[in-house]
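Colleague: If you're matching them up, the sequences are chains V and Z in order.
In terms of this note's numbering, the first sequence has 173 at position 173, counting the first letter as 1, and numbering is strictly consecutive.
In terms of this note's numbering, the second sequence has 1151 at position 151, counting the first letter as 1, and numbering is strictly consecutive.
Quick caveat, the hints were computed from the structure, so don't treat them as lab data.
Please note that a few of the clues may not be correct.
As the list claims (entries may be wrong) - Okay, derived cross-link-like pairs now, DSSO-like style, lysine-lysine, Cα gap no bigger than 30 Å in a straight line:
no., chain 1, residue 1, chain 2, residue 2
1, V, K244, V, K11
2, Z, K1305, Z, K1233
3, V, K234, V, K244
4, V, K133, Z, K1007
5, Z, K1233, V, K11
6, V, K133, Z, K1324
Claimed, not checked - Looking from chain Z toward chain V, a few residues come up when the C-beta cut is under 8 Å (computed):
no., residue
7, D1213
8, A1214
9, G1270
10, R1326
Even for Gly, the Cβ is constructed at its ideal location relative to N, Cα and C.
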Amino acid sequence: MVRALRTENLKAALNERRVLRGVSLELQKGEVLGLIGPNGAGKTTLVRAVAGLIPHEGDIFIDEEPVASLDRRERARRLSYLAQGAESRWPILAERLVALGRLPHLGPFMRPGAEDDAAVQRAMERADVMAFKDRPVTRLSGGERARVMLARALAVEAPVLLVDEPTASLDPYHQLQIMEVLRGFADEGRSVIAVLHDLSLASRFCDRLALLHEGHLAAFGVPGEVLCDANLEKIYRISARRQKGERGEIVLPWARL
Amino acid sequence: MIRSNLKLNLALALLVAAAFAASIAMGRGGTFLTDAFREAYALDPETFAVILYDIRLPRALLGLFVGASLGLCGAALQGLLQNPLAEPGLIGASSGAALGAVSVFYFSLGGGMLGLPLGGIAGAALALGILYALAGRNPSLTTLILAGVAISAFAGALTSLALSLAPSPYAALEIVFWMLGSLADRSMEHVLFAAPFMVLGALIIASTARALDAYALGEDTATSLGFNPASVKARVILGTALAVGAAVAVTGVVGFIGLVVPHLVRPLVGHSPARLLLPSALAGAALTLAADIVVRLPPTGLELKLGVITALLGAPFFLYLVLKARREAAW
């Protein structure tokens, strides 16, 4: 297997409080890596550190190259980031918003070319937003808007996609749809890191899970191992009901401990 | 896939050209140059040339540059702050510039010809710098406006202090009139020393166009798209300080152009912050030139002040925007 991304002893602080206390993990090509853990475990901080949004200690490698050696635009071409609850401040047409994903590929006075148009088209088809490409994003429903935002992140066509709670505040249909899009993206040889709270979705759609707890990597491996009763009890402080699915496992949080 | 706004920009450029020509042709009380001065030219070509080159042309050029600067800076600030209520005047840049210029003027800080624009620029930069420090990374609507009000009030108070300590009442009156905002009775020298700063400011702002588009998705996403947020903010602040500072230093405070113009143009460019820049500059120039023609119309021979007219029209418009924003998002 080929590594797409690797962090080594990654540390980061949020409001001067240390949130990430040395996390080393790796992401393989073609893999969906689920980032799970209780609130405040450092999931978002980890994603933001990898995306280059906050200062951090420790090393991050993309394709075995240290990110510190990449300039901003190169890093933006290799790593696409979708913020939690991303919104547009202006009522931009959906297609134009998706096209913003091509900005890292445009030189200072270059206009978007045929290649950029094709990437935007592919991203919109993949996220199933072609139907409302000519509508202002602010007038779309929550599920539609979330897909447009995802299409924007896909349009970068970066080898690595970071998504922070992509399924938050979506109905079950749209949650499944988003997860399927991410799965399909990874199946083409790209890699995804997704922050998730739904353990069943994480189990079903992710190849591996990284379980964070108080800024440490508590468990890292295939979903079946990471979501064991011991981890749920110790870290989530819950017990769960389980049922084997065709792929992965239904893990239904049942009782607080 | 994406149409350019060539037609819109051409139409606005024509509008600017027409307003520019009208500004040169239109005299006080609404008399047109063509008839009255055809005779004047026949009688006295020298006076005609003086009126044209020393009075009308500088005025029209200032209207062009100042209006374009205000429109452009308004559009850029709205894009950066992701907020349709941002404007050089509302966030304190204009009053900061006025204070800077008054300080130079009044305390004879010198600097020769460049003293006034430099003072204006320093004042505007200081005001915007303080605003950023006060409002933080992603200022909310309320924080932004309150911080702007505080800065404007403080700069205004300091300006008043300078005036009340003025050695001569006539000089104080002159400053007060100057601060009301007007393009009248400015010379070609005013144009020549302010224009380079405005052009430089505009070029710096133009360099942020793509980044402003990315800012539509918030600062984090813009950063993840390869833009350096510190550099983008610094460029917008520096560009606005240069352009608005120089504009205020020669014309006084002409408010609300930077608020109204981007708002009117935005729907025509599909709400894209980058595409908004050029049409806002053009529309700002056209609106300022037009408003400057309106102030000459009263037949009494006593001109209204341009800044008074723009505030009379702009302030209710601002109120309308605030009410609209409140309906759309409770804050």
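Colleague: Indicate, hint by hint, whether the structure satisfies it.
Modeller: To see whether the hints hold, each was checked on the structure:
1. V:K244 x V:K11: Roughly 36 Å between the alpha carbons, so the hint for K244 (chain V) and K11 (chain V) is violated.
2. Z:K1305 x Z:K1233: violated, 33 Å
3. V:K234 x V:K244: holds, 22 Å
4. V:K133 x Z:K1007: Judged against 30 Å, a Cα distance of about 23 Å means the pair holds.
5. Z:K1233 x V:K11: Between K1233 (chain Z) and K11 (chain V) the Cα gap is close to 27 Å, so the pair holds against 30 Å.
6. V:K133 x Z:K1324: holds, 26 Å
7. D1213: At 6 Å from the nearest chain V Cβ, D1213 (chain Z) passes the 8 Å test, so the hint holds.
8. A1214: At 6 Å from the nearest chain V Cβ, A1214 (chain Z) passes the 8 Å test, so the hint holds.
9. G1270: holds, 6 Å
10. R1326: Where the cut-off is 8 Å and the nearest Cβ of chain V is about 17 Å from R1326 (chain Z), the hint is violated.
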